[in-house]
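Keeping their order, the protein sequence lines are chains A and B. First residue of the first sequence: 10, per our numbering; consecutive thereafter. First residue of the second sequence: 10, per our numbering; consecutive thereafter.
Treat each hint with caution, since some may be false.
It does not matter which identical chain is meant; a pair holds if it fits inside one copy or across any two.
What the hints assert, rightly or not - In silico DSS-like cross-links for lysine-lysine, where the CA-CA straight-line distance does not exceed 27 Å:
(1) Lys297 x Lys115
(2) Lys115 x Lys129
(3) Lys269 x Lys115
Since the hints were made in silico from the structure, they are not lab data.
Protein chains: 2
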Amino acid sequence: MNGARSLIQSLVKAGIEVCFANPGTSEMHLVQAMDAEPEFRGVLCLFEGVCTGAADGYARIAGKPAVTLLHLGPGLGNGIANLHNARRAGSPIINLVGNHTQDHEKLDAPLTSDIETLAKNVSRWIKTDSTAESLAADGLAAVSAVMQKARGSKGQIATLIIPADACWGPVTGVAPITVAIPSLAQSNADFAQIAERLTASSLILLDKDGLLPAAREAAAKIAKHVGCRVAMTAFPARIDSGPGSPVIERLPYFPEQVQKALHGVDHILLAGASEPVSFFAYPETPSKLAPADCERQVLAEGHQDVVLALQSLMTELQSDSAEPDRYQAAAFEVPTGKLTTRWVATMIAQQMPEGSILCGDSGGGAAVLGPAQQSSAHTWLNLTGGSIGQGGPAAIGAAIAAPNAQVFALLGDGASMYTIQALWTQARECLAVITVIFNNQRYGILETEYLRLGVNEIGQHAGALFALTEPNIQFADLASSLGVPGRRVDSCEDFQAVLAEALHRTGPTLIEVML
Amino acid sequence: MNGARSLIQSLVKAGIEVCFANPGTSEMHLVQAMDAEPEFRGVLCLFEGVCTGAADGYARIAGKPAVTLLHLGPGLGNGIANLHNARRAGSPIINLVGNHTQDHEKLDAPLTSDIETLAKNVSRWIKTDSTAESLAADGLAAVSAVMQKARGSKGQIATLIIPADACWGPVTGVAPITVAIPSLAQSNADFAQIAERLTASSLILLDKDGLLPAAREAAAKIAKHVGCRVAMTAFPARIDSGPGSPVIERLPYFPEQVQKALHGVDHILLAGASEPVSFFAYPETPSKLAPADCERQVLAEGHQDVVLALQSLMTELQSDSAEPDRYQAAAFEVPTGKLTTRWVATMIAQQMPEGSILCGDSGGGAAVLGPAQQSSAHTWLNLTGGSIGQGGPAAIGAAIAAPNAQVFALLGDGASMYTIQALWTQARECLAVITVIFNNQRYGILETEYLRLGVNEIGQHAGALFALTEPNIQFADLASSLGVPGRRVDSCEDFQAVLAEALHRTGPTLIEVML
Numbered sequence: 010m011n012g013a014r015s016l017i018q019s020l021v022k023a024g025i026e027v028c029f030a031n032p033g034t035s036e037m038h039l040v041q042a043m044d045a046e047p048e049f050r051g052v053l054c055l056f057e058g059v060c061t062g063a064a065d066g067y068a069r070i071a072g073k074p075a076v077t078l079l080h081l082g083p084g085l086g087n088g089i090a091n092l093h094n095a096r097r098a099g100s101p102i103i104n105l106v107g108n109h110t111q112d113h114e115k116l117d118a119p120l121t122s123d124i125e126t127l128a129k130n131v132s133r134w135i136k137t138d139s140t141a142e143s144l145a146a147d148g149l150a151a152v153s154a155v156m157q158k159a160r161g162s163k164g165q166i167a168t169l170i171i172p173a174d175a176c177w178g179p180v181t182g183v184a185p186i187t188v189a190i191p192s193l194a195q196s197n198a199d200f201a202q203i204a205e206r207l208t209a210s211s212l213i214l215l216d217k218d219g220l221l222p223a224a225r226e227a228a229a230k231i232a233k234h235v236g237c238r239v240a241m242t243a244f245p246a247r248i249d250s251g252p253g254s255p256v257i258e259r260l261p262y263f264p265e266q267v268q269k270a271l272h273g274v275d276h277i278l279l280a281g282a283s284e285p286v287s288f289f290a291y292p293e294t295p296s297k298l299a300p301a302d303c304e305r306q307v308l309a310e311g312h313q314d315v316v317l318a319l320q321s322l323m324t325e326l327q328s329d330s331a332e333p334d335r336y337q338a339a340a341f342e343v344p345t346g347k348l349t350t351r352w353v354a355t356m357i358a359q360q361m362p363e364g365s366i367l368c369g370d371s372g373g374g375a376a377v378l379g380p381a382q383q384s385s386a387h388t389w390l391n392l393t394g395g396s397i398g399q400g401g402p403a404a405i406g407a408a409i410a411a412p413n414a415q416v417f418a419l420l421g422d423g424a425s426m427y428t429i430q431a432l433w434t435q436a437r438e439c440l441a442v443i444t445v446i447f448n449n450q451r452y453g454i455l456e457t458e459y460l461r462l463g464v465n466e467i468g469q470h471a472g473a474l475f476a477l478t479e480p481n482i483q484f485a486d487l488a489s490s491l492g493v494p495g496r497r498v499d500s501c502e503d504f505q506a507v508l509a510e511a512l513h514r515t516g517p518t519l520i521e522v523m524l
Numbered sequence: 010m011n012g013a014r015s016l017i018q019s020l021v022k023a024g025i026e027v028c029f030a031n032p033g034t035s036e037m038h039l040v041q042a043m044d045a046e047p048e049f050r051g052v053l054c055l056f057e058g059v060c061t062g063a064a065d066g067y068a069r070i071a072g073k074p075a076v077t078l079l080h081l082g083p084g085l086g087n088g089i090a091n092l093h094n095a096r097r098a099g100s101p102i103i104n105l106v107g108n109h110t111q112d113h114e115k116l117d118a119p120l121t122s123d124i125e126t127l128a129k130n131v132s133r134w135i136k137t138d139s140t141a142e143s144l145a146a147d148g149l150a151a152v153s154a155v156m157q158k159a160r161g162s163k164g165q166i167a168t169l170i171i172p173a174d175a176c177w178g179p180v181t182g183v184a185p186i187t188v189a190i191p192s193l194a195q196s197n198a199d200f201a202q203i204a205e206r207l208t209a210s211s212l213i214l215l216d217k218d219g220l221l222p223a224a225r226e227a228a229a230k231i232a233k234h235v236g237c238r239v240a241m242t243a244f245p246a247r248i249d250s251g252p253g254s255p256v257i258e259r260l261p262y263f264p265e266q267v268q269k270a271l272h273g274v275d276h277i278l279l280a281g282a283s284e285p286v287s288f289f290a291y292p293e294t295p296s297k298l299a300p301a302d303c304e305r306q307v308l309a310e311g312h313q314d315v316v317l318a319l320q321s322l323m324t325e326l327q328s329d330s331a332e333p334d335r336y337q338a339a340a341f342e343v344p345t346g347k348l349t350t351r352w353v354a355t356m357i358a359q360q361m362p363e364g365s366i367l368c369g370d371s372g373g374g375a376a377v378l379g380p381a382q383q384s385s386a387h388t389w390l391n392l393t394g395g396s397i398g399q400g401g402p403a404a405i406g407a408a409i410a411a412p413n414a415q416v417f418a419l420l421g422d423g424a425s426m427y428t429i430q431a432l433w434t435q436a437r438e439c440l441a442v443i444t445v446i447f448n449n450q451r452y453g454i455l456e457t458e459y460l461r462l463g464v465n466e467i468g469q470h471a472g473a474l475f476a477l478t479e480p481n482i483q484f485a486d487l488a489s490s491l492g493v494p495g496r497r498v499d500s501c502e503d504f505q506a507v508l509a510e511a512l513h514r515t516g517p518t519l520i521e522v523m524l
């Protein structure tokens with residue numbers, strides 16, 4: 010047995026099932042090892058950002074890591090943007106990055122680069138010096154590292170940079186399977202003091218494990234009991250919600266909107282969340298968005314057991330029996346005529362099957378969030394790190410993790426183009442992904458942000474950097490060229506019909522919505 | 010005036026003309042500054058790897074830097090792979106990467122990441138702490154840094170990571186234009202001793218400035234005089250050649266082929282080149298490929314004046330009047346019937362106009378190199394760093410740098426998909442780029458490398474990671490969806506006709522060659 014075989018075997022025994030792969034020459038022994046372990050599902054992606062985004066989507070739904078297989082520094086580089094999003098989401102991912110042998114690396118052959126430095130940007134755990142004998146154990150150490158729920162700033166990503174000779178070298182014994190997953194640290198907050206501090210002008214702010222259904226349930230009961238507000242941050246990694254779930258506000262995106270939302274709040278209780286800060290810095294707006302005299306208090310840090318902390322506070326307040334406001338199922342007006350973002354969102358919410366997974370990105374997709382609460386139980390995955398091009402890849406991972414769910418990728422036209430290669434993998438794996446392109450033929454957010462500079466109009470040269478015109482992208486045709494049936498729609502009636510047809514089709518569809 | 014205006018104005022005055030841009034919110038003041046300087050050409054790319062690959066192609070043709078405009082860490086991350094190639098090519102590039110303010114960065118907003126660490130992988134010059142008052146001078150320091158021809162291992166790339174408040178803050182005076190470009194260091198080799206050492210079993214190996222026409226001319230005369238061989242490395246950044254140019258061998262790719270090529274050589278004279286090493290490490294092949302007893306001698310390092318060193322050696326040998334073998338113009342057989350890589354290559358060489366620029370990548374395109382020497386004067390840009398997905402973006406930059414040249418992007422189907430977004434920019438800028446996709450529906454090199462492991466056949470699961478089938482990509486349709494007329498051809502007659510039509514068309518074309 011060689012090192013590559015020992016690694017893949019050990020990963021399989023540790024319960025790792027999926028590898029999002031874009032291998033090169035230095036990974037051939039790992040491919041050979043995968044060939045011998047057919048239960049380790051290799052999913053080919055045509056670009057590494059698709060691999061890493063898919064691994065993020067998989068982790069958020071499966072709750073366990075997938076592996077990516079990447080080719081030296083450039084392969085990891087292409088995966089960085091979606092690893093950034095995954096780090097923000099706290100998603101466990103194991104990157105296997107092939108490298109030269111250590112002796113060969115010194116000769117500075119053309120593909121040599123400083124892979125470890127690249128990996129530092131996104132990895133909480135890195136190893137570069139595996140040998141054939143250590144490789145299986147190193148892989149299991151990577152699994153342990155990412156399954157620890159200590160969601161620090163470095164996220165849950167491990168990068169195992171594998172010297173080629175660690176793959177092809179002989180192995181005499183395979184490491185026993187020992188994946189150590191310590192339990193979550195408990196918050197040492199003073200629940201009695203917090204219970205006393207909460208008033209009607211408090212706000213409970215949720216993130217990380219504070220977004221779990223049990224956490225939201227407890228937080229909502231506390232808020233109802235106290236008469237205060239409860240909110241989640243603007244881009245939570247995953248929310249399972251729908252009719253019957255407690256109503257939780259969501260902080261808005263633009264800083265002045267957040268300031269408005271926090272007006273009058275004199276106490277923010279942080280449950281897995283950090284204090285609200287602006288997404289970007291602006292000349293005239295503070296970065297910290299809570300009122301100046303607002304007290305911030307930590308109930309539980311993001312790496313702690315936020316669910317237990319909220320439930321302990323609920324018990325302390327004897328608010329278990331409080332009955333918070335809940336989303337109610339509602340019938341929607343059936344729209345007709347010209348398409349708008351709001352109407353498209355309504356129709357998606359209306360038609361989506363129970364248990365659908367909705368993958369957002371930049372663009373109009375967030376409009377589905379509201380009506381979805383009143384339609385049926387669903388899971389929402391957000392663009393967590395602001396690096397657009399996540400939704401399509403995440404949909405791949407989500408569909409593989411939940412093969413019976415209908416998955417939606419809700420993408421802006423601009424955002425979709427960073428990782429448009431995702432469509433091909435959706436076709437190849439015959440995944441139940443419906444991609445909706447909200448095609449407004451521009452980077453709309455940039456137009457908005459540019460006008461916020463205080464200028465009244467967008468000049469010709471600036472405008473050309475925001476417009477996705479000349480040429481217009483034909484997304485339906487683009488999808489078809491990559492094996493995904495694509496349809497372009499201009500009216501609500503068309504959208505209803507095309508969506509219904511897509512929901513009955515096996516495999517993916519792309520619907521291009523002209524706005 | 011704000012910092013952003015002062016920076017863009019100074020870059021323009023320093024002769025920088027082009028910006029390959031994919032901006033985001035943190036770059037809006039820079040976009041505003043570009044809007045006011047219309048001679049600073051902003052070229053929108055839909056993915057950052059297109060920006061960086063285009064800047065590489067531009068630099069190789071124009072001999073001066075373009076600027077990229079990228080959005081924080083994820084934007085730079087997406088550009089890393091083609092910056093790796095540019096670093097290997099020694100191409101001068103200035104990356105402008107927007108960042109949060111330094112105060113905002115500490116708050117760890119969603120898009121915050123360690124940009125400087127990312128930049129270290131590819132940059133010889135980095136600055137992160139500009140102020141509005143320093144920004145123009147910092148930009149000029151970046152220009153100086155990349156124009157220095159000290160082509161060390163860190164390449165010629167400068168990354169200016171710009172705090173947002175350095176863009177919007179007020180500037181009282183703009184730095185005077187001082188771009189210092191020191192002259193090249195001279196080699197201190199002992200020309201008399203080298204002249205004496207050269208024998209018929211010597212090999213002169215060229216890279217970096219040793220690839221310039223004047224250097225090749227001198228090297229070929231020396232070799233003719235001595236009766237020895239002269240070769241270039243396998244993936245030179247740029248070669249201007251064609252009928253009348255001296256015949257120079259090119260080292261092959263696979264290590265056993267290089268070993269064979271170097272058999273009997275007992276002395277390698279390095280002119281801008283490093284000693285020949287294997288591209289990848291293999292279990293049974295040494296990484297250093299020259300015969301064990303072969304003497305290596307440095308005529309000039311890559312960062313030195315290689316042209317002068319070769320000319321000095323030529324003078325020392327009194328070989329100025331030697332008449333080396335030269336490529337001769339030849340008529341080609343006009344192929345008919347089924348397409349092969351060789352026939353496609355012949356037809357491209359035959360029809361390409363004088364002064365064409367050929368951008369290679371992984372795939373069949375290298376087959377054009379041979380017949381091109383016998384057709385007409387041309388410039389060849391290679392995939393220098395092995396990070397595939399360079400050719401399409403490089404063609405954008407080449408076409409902008411040489412607006413009167415016909416540019417060809419010769420791409421494998423697999424390679425093209427890493428940066429397929431390049432097509433859209435080719436369409437928008439109406440560039441004279443003909444993309445030829447050598448569509449063999451697989452990562453052919455990986456099949457070859459896998460079989461080199463010593464297995465006799467490719468298993469089902471491994472094969473699925475090499476095959477670009479199920480679904481087949483429809484490249485002609487894909488191109489059309491992005492605004493580039495696409496044609497699919499199955500026969501030599503079709504290819505001839507479609508190529509002739511493309512050569513008469515204004516703007517880009519894609520020809521999908523079914524192999």
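Hints versus structure:
{"no.": "1", "hint": "Lys297 x Lys115", "result": "between (47 Å within a copy, 11 Å between copies)"}
{"no.": "2", "hint": "Lys115 x Lys129", "result": "both (20 Å within a copy, 18 Å between copies)"}
{"no.": "3", "hint": "Lys269 x Lys115", "result": "between (57 Å within a copy, 23 Å between copies)"}
Checked against the numbered hints listed earlier, the structure breaks none of them; every hint is satisfied.
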